[in-house]
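Going down the list, the protein sequences come from chains A and B. Residue numbering for the first sequence follows UniProt numbering, beginning at 1 and increasing consecutively. Residue numbering for the second sequence follows UniProt numbering, beginning at 1 and increasing consecutively.
Simulated crosslink set (DSBU-like; lysine-lysine; CA at most 30 angstroms straight-line):
#1 K55(B) to K140(A)
#2 K91(A) to K109(B)
#3 K91(A) to K385(B)
#4 K109(B) to K268(A)
#5 K261(B) to K109(A)
#6 K138(B) to K91(A)
#7 K140(A) to K138(B)
#8 K138(A) to K55(B)
#9 K261(A) to K384(A)
#10 K257(A) to K138(B)
Derived list of chain A stretches under chain B, where covered just means 3 residues or more per stretch with a C-beta under 8 angstroms from a C-beta of chain B:
#11 42–55
#12 102–115
#13 131–143
#14 189–202
Sample of chain B residues with no beta-carbon within 12 angstroms of chain A, all distances over it, derived:
#15 E165
#16 L179
#17 G189
#18 C237
#19 T246
#20 G249
#21 M271
#22 E319
#23 P324
#24 M331
#25 D332
#26 I454
Honestly, the hints are just simulated from the structure, not real lab data. Just so you know, even glycine gets a beta-carbon here, dropped at the ideal spot from N, CA and C.
2 protein chains.
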Amino acid sequence: MSSAISMNKTEVIDSVLNDFSEGYFSISYENRRRLLLELAKEYDLDRTQVRELIKQYLGVSGEEAQSPGPEDEGVLASFYRIERNLRHALKPKYEALFERLNMHPGGLKFLTILRADILSIIAEENIVSLRALDSHLKEKLGTWLSPAALELHHITWDDPASLLEKIVAYEAVHPISNLLDLKRRLGVGRRCFGYLHPAIPGEPLIFIEVALLKNVAETIQEVLWDDPPIPESEANCALFYSISSTQPGLAGINLGKFLIKRVITLVKRDMPHISIFATLSPIPGYIQWLLSKLASQSNLAEDDKSQSSADTSGSTFGENLFEPEEEKAIMDISEEFAAGKNGMEVMLNLLTSTNQEWSKSAELLSVLKTPLLRLCARYLLQEKKRGKALDSVANFHLQNGAMVERINWMANKSEKGLHQSAGIMVNYVYRLENIEEYAQSYFSSGHIHASDEIRRFVEPLKKPEATAN
Amino acid sequence: MSSAISMNKTEVIDSVLNDFSEGYFSISYENRRRLLLELAKEYDLDRTQVRELIKQYLGVSGEEAQSPGPEDEGVLASFYRIERNLRHALKPKYEALFERLNMHPGGLKFLTILRADILSIIAEENIVSLRALDSHLKEKLGTWLSPAALELHHITWDDPASLLEKIVAYEAVHPISNLLDLKRRLGVGRRCFGYLHPAIPGEPLIFIEVALLKNVAETIQEVLWDDPPIPESEANCALFYSISSTQPGLAGINLGKFLIKRVITLVKRDMPHISIFATLSPIPGYIQWLLSKLASQSNLAEDDKSQSSADTSGSTFGENLFEPEEEKAIMDISEEFAAGKNGMEVMLNLLTSTNQEWSKSAELLSVLKTPLLRLCARYLLQEKKRGKALDSVANFHLQNGAMVERINWMANKSEKGLHQSAGIMVNYVYRLENIEEYAQSYFSSGHIHASDEIRRFVEPLKKPEATAN
Numbered sequence: 001m002s003s004a005i006s007m008n009k010t011e012v013i014d015s016v017l018n019d020f021s022e023g024y025f026s027i028s029y030e031n032r033r034r035l036l037l038e039l040a041k042e043y044d045l046d047r048t049q050v051r052e053l054i055k056q057y058l059g060v061s062g063e064e065a066q067s068p069g070p071e072d073e074g075v076l077a078s079f080y081r082i083e084r085n086l087r088h089a090l091k092p093k094y095e096a097l098f099e100r101l102n103m104h105p106g107g108l109k110f111l112t113i114l115r116a117d118i119l120s121i122i123a124e125e126n127i128v129s130l131r132a133l134d135s136h137l138k139e140k141l142g143t144w145l146s147p148a149a150l151e152l153h154h155i156t157w158d159d160p161a162s163l164l165e166k167i168v169a170y171e172a173v174h175p176i177s178n179l180l181d182l183k184r185r186l187g188v189g190r191r192c193f194g195y196l197h198p199a200i201p202g203e204p205l206i207f208i209e210v211a212l213l214k215n216v217a218e219t220i221q222e223v224l225w226d227d228p229p230i231p232e233s234e235a236n237c238a239l240f241y242s243i244s245s246t247q248p249g250l251a252g253i254n255l256g257k258f259l260i261k262r263v264i265t266l267v268k269r270d271m272p273h274i275s276i277f278a279t280l281s282p283i284p285g286y287i288q289w290l291l292s293k294l295a296s297q298s299n300l301a302e303d304d305k306s307q308s309s310a311d312t313s314g315s316t317f318g319e320n321l322f323e324p325e326e327e328k329a330i331m332d333i334s335e336e337f338a339a340g341k342n343g344m345e346v347m348l349n350l351l352t353s354t355n356q357e358w359s360k361s362a363e364l365l366s367v368l369k370t371p372l373l374r375l376c377a378r379y380l381l382q383e384k385k386r387g388k389a390l391d392s393v394a395n396f397h398l399q400n401g402a403m404v405e406r407i408n409w410m411a412n413k414s415e416k417g418l419h420q421s422a423g424i425m426v427n428y429v430y431r432l433e434n435i436e437e438y439a440q441s442y443f444s445s446g447h448i449h450a451s452d453e454i455r456r457f458v459e460p461l462k463k464p465e466a467t468a469n
Numbered sequence: 001m002s003s004a005i006s007m008n009k010t011e012v013i014d015s016v017l018n019d020f021s022e023g024y025f026s027i028s029y030e031n032r033r034r035l036l037l038e039l040a041k042e043y044d045l046d047r048t049q050v051r052e053l054i055k056q057y058l059g060v061s062g063e064e065a066q067s068p069g070p071e072d073e074g075v076l077a078s079f080y081r082i083e084r085n086l087r088h089a090l091k092p093k094y095e096a097l098f099e100r101l102n103m104h105p106g107g108l109k110f111l112t113i114l115r116a117d118i119l120s121i122i123a124e125e126n127i128v129s130l131r132a133l134d135s136h137l138k139e140k141l142g143t144w145l146s147p148a149a150l151e152l153h154h155i156t157w158d159d160p161a162s163l164l165e166k167i168v169a170y171e172a173v174h175p176i177s178n179l180l181d182l183k184r185r186l187g188v189g190r191r192c193f194g195y196l197h198p199a200i201p202g203e204p205l206i207f208i209e210v211a212l213l214k215n216v217a218e219t220i221q222e223v224l225w226d227d228p229p230i231p232e233s234e235a236n237c238a239l240f241y242s243i244s245s246t247q248p249g250l251a252g253i254n255l256g257k258f259l260i261k262r263v264i265t266l267v268k269r270d271m272p273h274i275s276i277f278a279t280l281s282p283i284p285g286y287i288q289w290l291l292s293k294l295a296s297q298s299n300l301a302e303d304d305k306s307q308s309s310a311d312t313s314g315s316t317f318g319e320n321l322f323e324p325e326e327e328k329a330i331m332d333i334s335e336e337f338a339a340g341k342n343g344m345e346v347m348l349n350l351l352t353s354t355n356q357e358w359s360k361s362a363e364l365l366s367v368l369k370t371p372l373l374r375l376c377a378r379y380l381l382q383e384k385k386r387g388k389a390l391d392s393v394a395n396f397h398l399q400n401g402a403m404v405e406r407i408n409w410m411a412n413k414s415e416k417g418l419h420q421s422a423g424i425m426v427n428y429v430y431r432l433e434n435i436e437e438y439a440q441s442y443f444s445s446g447h448i449h450a451s452d453e454i455r456r457f458v459e460p461l462k463k464p465e466a467t468a469n
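All chains should be modelled from the sequences, with the hints used to inform the complete structure.
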C-alpha cells in the first residue's frame, strides 16, 4: 500500500493503485486513520527545498522593493522560473497520489470515500496536518468536479433501478417512503434532475426534485400528497422542493448552485409558460438558534432583574425576544402548559417538551404562531456568521442569487420539520432577471434580498429595542 | 472586456463572461495579441505580496534548518497557514479568469481557442510572460480534461453529421477523401472511438481509427483499400492506424495515452479473440533527421579527407552513415541518377530531388532499401532528445507502453509518406502483459523496447564505428 504513495517520482503502475484502493477498503477504521495520518505527515512538502527556493527568490528580487519593469524580460524569466519551482515545491507529495488516483478507473469515487473518512476523523480530533490534507483534497475534487465536467441527467422511471435506488437512499430532505412515492416524484407534474460524472457512472452526485404547480406551494404536504397533479400545461411555477447530495466526501463543494442554474435554463426552454422558480425549503438551524437565544436571554433577563443596571458583569442589556403583547399572551398560557419565570423561559420549556406536545394544542399554536414566525424572519434575514446568513440552506440559496420570499406556518408537520424549525418552511424565489445581481451583492456585502411581506416581520423591531421587564 | 479580467475579487456575472468571449471572437489577431499580452503582464501575480509572505515564512522557520517535529502542532499550523497563503499569492490573477470561464457554458471551448492563439503568438515571438501564461493555461486545461472527465464514444455512421464532419476535418494522418471513405472507416471491420467532454458536446477532442485484421498490416494501402474486409470474427489483430487531435489549443496534453488504453480494454472485452494490439504509424521526423545527418556527416567526411587527423578543428571523427557495401552500391548508381563526392552526398541529393523521383525507379529503390531501413531503425531505437525518442510519434507510443515491432518498406507511398519517412512506416505493438512495465522503464530510464527483428538492423553497428574512407 505504501508503494502507491512512495512512488512519487515515477509513473505508478495501475495495479499498484488497484492494490492501494482495495487494500484501503479491507482495513479497519483505526488503520485507515493511521494510514491517512501517515500520508498527511510523511508525504507533506519538503520544507528544506521551499526555504532554498525562497532564498533564491530573495536573491533575484535583490534590494529593490518593486517588481521588475515590463522590459526586463531576463529578470522576469528568472522570476517565472523560481516561482514555478516554488509553486511546485509547495505542493505536498500526496497531491501526486490524488492526481494519479483521479486518472485511475474508479479512482475519483475512491477519493470521495477517502475524503469522507478524513472528514469524520477531523470532526473528532483537530489534527492540523490532516486538516491541511483535507483542504488540498477538497480543492482537487472541486477542480475535477467542475460543472463543465458534469452531465445534467433527467432522471425518470425508465432509469435503471440501480440509479433509482440511489435516489431513494440519498433523498435527505423528504425521505421517500416506498416505490409508489418514488414513482410519483418522477411522474407527471414532477421532475428530477441529477448531475452525473463520467467517472462515477450510474450515481448522481447531487439531485434536485421539482414540482410543477399553479402557485408557489405553502406546505410540503401539498407537494408530496397532491393527488392527482395538475396538467403540466397549466403550471406557472417550478418548485424546487428537495436537493440532496449523495457523496459525504464532497461536503463543501457547491455543485447545487450550478445544478439549479442549469435546471432553470432547461425548464424555461422546455416550458416557456413557467415563469416562477421558487423553492420550498427547510430552515434547519432555526430552532437550534432560537433555543440558545431563549436560554441566554432568559438568564440575562433574570440577571437584570436581580442586579443593578450599573453592574459590571459585562452583560449588555438583555433583550426580550418578544413584543409586549406576545409576552403577555405566553405568560397567560404558562399556567396551563409550562412553567417559567418569563415568556422566554416558558417558550424554551414548551419547545423542548417531549414529542413536540406544543404542536398538538390549537390554543398553544395560536399563541406561538406570531412570535415564532416573527423570530424566524429575524433569524433568516438578520442573523449572520462571517457576514453570511447563519442558516446553511438560506446561505446556499442566497449565494446562488435567490431572495427570501415568504415563510409558511405549519408547512412541514413531520417530526423532523417540527424539531428543526417548529414546522415553518420558507420559499426562496429565483427571479431570472435578478439572479446574478443578487448573488453578486450577497457575495460582496452579505446583503439579503427579501420580499416586502417578510421584511415587515422584522422592520418594526428597528425601533429602540425594549429591555426586559 | 477588461471588466471580465479585472473583476478578480468578486463573483463575475455571466453576461460579462459572455461579452468577453464574444468580444474576443470579434477582434483582429493583432488586438487579440495585445489583449493576451496585457493579460499576461498586468494580471500576473503580486510580487510584493509574495515577498511579504516569504519573510513571514523565514520568520516562522527561524534559525532552525530543520522542519518542525511531528509534535509541534502549533508551529506546523503556522507553516500550513503561510504555505497556503503563499501558494495562493503565487497564483497569477489571470488564473481566476480561466477558472471562471471553465465554469461558464462554452467557456472550456473558448479557452482552447484562446490557447491556440497563444501558441501561435509564442511560436513567432519568444515573450516570457506569455509563455508563463501558456504554461498555467496548459496545466489548468490538463486538469479539467482529466481522463476521468472524458467519455469514450464509439463513433458510427449513425452519429450526427455535425460530429462526423469533425472526423473528416481533423483526420490528420490519412486524410478522408470522400463520404464513401468515411463510411468504410466506420463500417464492418473498422472502429472509430473518440473522447467527448460534456462541456464540448458533439466534438470529439481526439479520436482513433482501428482496423480489425488477420495480421498486423505492413502497408497503409491494405488498411485503407482492402475490399471487402474480413469477417470480424476472423480478426486476430486490432490495428490503430490513425490518431488525431481536433483541438490545436490542447497541444502537449496527452489524451491519446488514455484513449488507447481504454480502447484496448473495450475491444478486448467485446472481442476476446483479438490478441494483438498494434499500430501502423508514420515516422514524421525520419527524413528531416536523416537529411541533416547526411549534410553534416558528408561535410565532416570531406574535412577529414582534406585535413590531418591531428587537426584541432573540434570535429570528432566523421562517421560514414553507410556500411561499405551500401556505400559502394550507392556510388555505383551515382553516375546515372545524382552526383556527389560520397555516398552520403549522393543520398542527400536523391532524397531532396523534386517529386521524390527516386521512388519511381526500381533500380534506385533496390539500392536504397537496405540503408534507408537500417538508418530508420537506428533513428527509432537510438536517436534521443533529453533521454526520450527523438521521433514524436515513437515517443508517444513508447511512453504509453508500446514496443517497436517492425518497420515496413514502401508502406505509405503517398507524397506525404515519401516526404516524411521515405515511405517507411512502423508497427508499434501493445502487449497487454507488458504495457505498464514498458511505460515505466521508458519513463524512468528512456529504455526503448524493440523486437529482435528490428534490433538486428542496428546491432551490427555496435562494432567499433567505421571512420570515413
